[in-house]
Amino acid sequence: MVRMESISLKNDTFLKDYIKNNLMKKHKTLSQRLQIETSDIKELQKELFCELFDNYGIYEIDKVAKEMGYPYDSIFIKKLIECDADKIIEERRDKEFEEQYIIEHLKEKSSVLAKKLFLSIQEVRNIKKNFLENLILSYPLLHYSKLSEKVNCTHSKFSRICRECRINLIGDIKIARDNSVNLIELKLKIQEGFSFDKLKKYFGLGDDRLKRILEQNKLELLNQRKVLREEDKENIVIDYNNGVSIAQIMEKYHTSESRIKKFLTAKCIFDKKNYELNDTEIEFLKENAPNMTLKELSMKLGRKGSTLRTILGILKIKYKARNCKGELWEWKGFN
Numbered sequence: 001m002v003r004m005e006s007i008s009l010k011n012d013t014f015l016k017d018y019i020k021n022n023l024m025k026k027h028k029t030l031s032q033r034l035q036i037e038t039s040d041i042k043e044l045q046k047e048l049f050c051e052l053f054d055n056y057g058i059y060e061i062d063k064v065a066k067e068m069g070y071p072y073d074s075i076f077i078k079k080l081i082e083c084d085a086d087k088i089i090e091e092r093r094d095k096e097f098e099e100q101y102i103i104e105h106l107k108e109k110s111s112v113l114a115k116k117l118f119l120s121i122q123e124v125r126n127i128k129k130n131f132l133e134n135l136i137l138s139y140p141l142l143h144y145s146k147l148s149e150k151v152n153c154t155h156s157k158f159s160r161i162c163r164e165c166r167i168n169l170i171g172d173i174k175i176a177r178d179n180s181v182n183l184i185e186l187k188l189k190i191q192e193g194f195s196f197d198k199l200k201k202y203f204g205l206g207d208d209r210l211k212r213i214l215e216q217n218k219l220e221l222l223n224q225r226k227v228l229r230e231e232d233k234e235n236i237v238i239d240y241n242n243g244v245s246i247a248q249i250m251e252k253y254h255t256s257e258s259r260i261k262k263f264l265t266a267k268c269i270f271d272k273k274n275y276e277l278n279d280t281e282i283e284f285l286k287e288n289a290p291n292m293t294l295k296e297l298s299m300k301l302g303r304k305g306s307t308l309r310t311i312l313g314i315l316k317i318k319y320k321a322r323n324c325k326g327e328l329w330e331w332k333g334f335n
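Taken in order, the sequence shown gives residues 1 to 335; the numbers are from UniProt numbering.
Don't take each hint at face value.
For lysine-lysine, the following BS3-like pairs were computed, each having C-alpha atoms within a straight-line distance of at most 30 Å [as the list claims (entries may be wrong)]:
#	residue 1	residue 2
1	79	66
2	28	79
3	211	252
4	304	316
5	146	107
6	129	150
7	63	115
8	78	20
Derived Cβ-Cβ restraints for the label pairs, each shown as a range [unchecked claim]:
#	residue 1	residue 2	range
9	259	103	49 to 57 Å
10	252	153	46 to 54 Å
11	247	138	54 to 62 Å
12	244	142	51 to 59 Å
13	86	142	38 to 46 Å
14	208	51	48 to 56 Å
These are computed hints drawn from the structure, not numbers from a lab.
The structure displayed is predicted, hence computed values, not measured ones.
Don't be surprised by glycine CBs; every beta carbon is placed ideally from N, CA and C.
Whole structure, please, built from the sequences with the hints as guidance.
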């Protein structure tokens with residue numbers, strides 16, 4: 001094996017190119033091929049990095065990687081550390097520059113800044129956190145939406161950075177976004193009885209945002225849906241059997257038509273209606289339903305359309321229905 005004292009990259013272009021082009025090979029492999037000690041291989045690689053750091057600086061490692069013909073990724077970083085080139089970076093660090101760079105690029109992802117400055121993500125977050133805490137303390141009476149303007153940042157982005165750095169923004173309200181909703185119109189729609197889903201669709205809002213706006217402005221929806229107790233369910237059956245319409249039941253129990261119908265069907269209330277028809281009515285349905293619409297049958301017999309639809313289904317009787325063009329066609333659903 002040749003000793004390191006007699007070898008240097010400065011005056012040996014072949015060796016320099018060989019070390020650069022075979023950077024990713026194991027030290028043991030290079031040692032065997034060049035007949036040089038493994039420790040000396042590491043020193044030659046370190047010397048190569050040192051020369052490139054002199055040319056590009058320690059904060060342009062992506063350019064160093066490109067010069068060597070490799071992508072700046074985790075494998076390249078691992079190789080850099082293996083030959084102790086990271087110690088060169090540590091020796092040449094400019095802490096003041098790093099802090100200033102991170103503050104000037106506050107909106108940039110911490111992972112991107114960490115890669116650029118060869119720092120850990122946590123180190124970048126700590127610098128961000130110290131800066132933001134000092135900023136907040138410097139303007140104790142200033143709202144966070146205004147603080148974000150101090151760093152040329154949107155309010156939502158400012159909030160995300162603070163959460164990333166574990167800074168609790170007490171009373172943080174996303175005023176900028178929620179001001180786009182007309183509160184007068186919102187209150188009017190609530191008074192009209194709009195449901196939560198209907199308000200979402202009308203104003204183009206998401207669940208969380210609509211909830212936040214309602215809470216901030218202390219607004220409550222009319223007829224909010226509630227979980228039906230067993231007592232409520234029994235009362236719905238009684239009300240329905242006493243002739244109370246489904247619309248009235250919906251308003252009374254703050255629930256939807258589909259829930260009421262589903263519950264009544266489960267209780268066999270609709271099935272029961274079948275047996276309330278007398279023989280004459282059933283015979284009338286069998287003879288005339290295939291040539292009449294549900295509305296016509298309902299008017300003729302004085303029965304609810306929903307009740308008749310269920311009865312026709314149970315008896316497997318066809319009836320006329322209209323298609324999307326308004327034309328009459330024979331319903332095939334009860335064959």
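Verification of the hints:
{"no.": "1", "hint": "79 - 66", "verdict": "holds (14 Å)"}
{"no.": "2", "hint": "28 - 79", "verdict": "holds (14 Å)"}
{"no.": "3", "hint": "211 - 252", "verdict": "holds (24 Å)"}
{"no.": "4", "hint": "304 - 316", "verdict": "holds (18 Å)"}
{"no.": "5", "hint": "146 - 107", "verdict": "holds (16 Å)"}
{"no.": "6", "hint": "129 - 150", "verdict": "holds (15 Å)"}
{"no.": "7", "hint": "63 - 115", "verdict": "holds (12 Å)"}
{"no.": "8", "hint": "78 - 20", "verdict": "holds (15 Å)"}
{"no.": "9", "hint": "259 - 103: 49 to 57 Å", "verdict": "holds (56 Å)"}
{"no.": "10", "hint": "252 - 153: 46 to 54 Å", "verdict": "holds (51 Å)"}
{"no.": "11", "hint": "247 - 138: 54 to 62 Å", "verdict": "holds (60 Å)"}
{"no.": "12", "hint": "244 - 142: 51 to 59 Å", "verdict": "holds (58 Å)"}
{"no.": "13", "hint": "86 - 142: 38 to 46 Å", "verdict": "holds (41 Å)"}
{"no.": "14", "hint": "208 - 51: 48 to 56 Å", "verdict": "holds (54 Å)"}
Going through the hint list in order, the structure satisfies each hint without exception.
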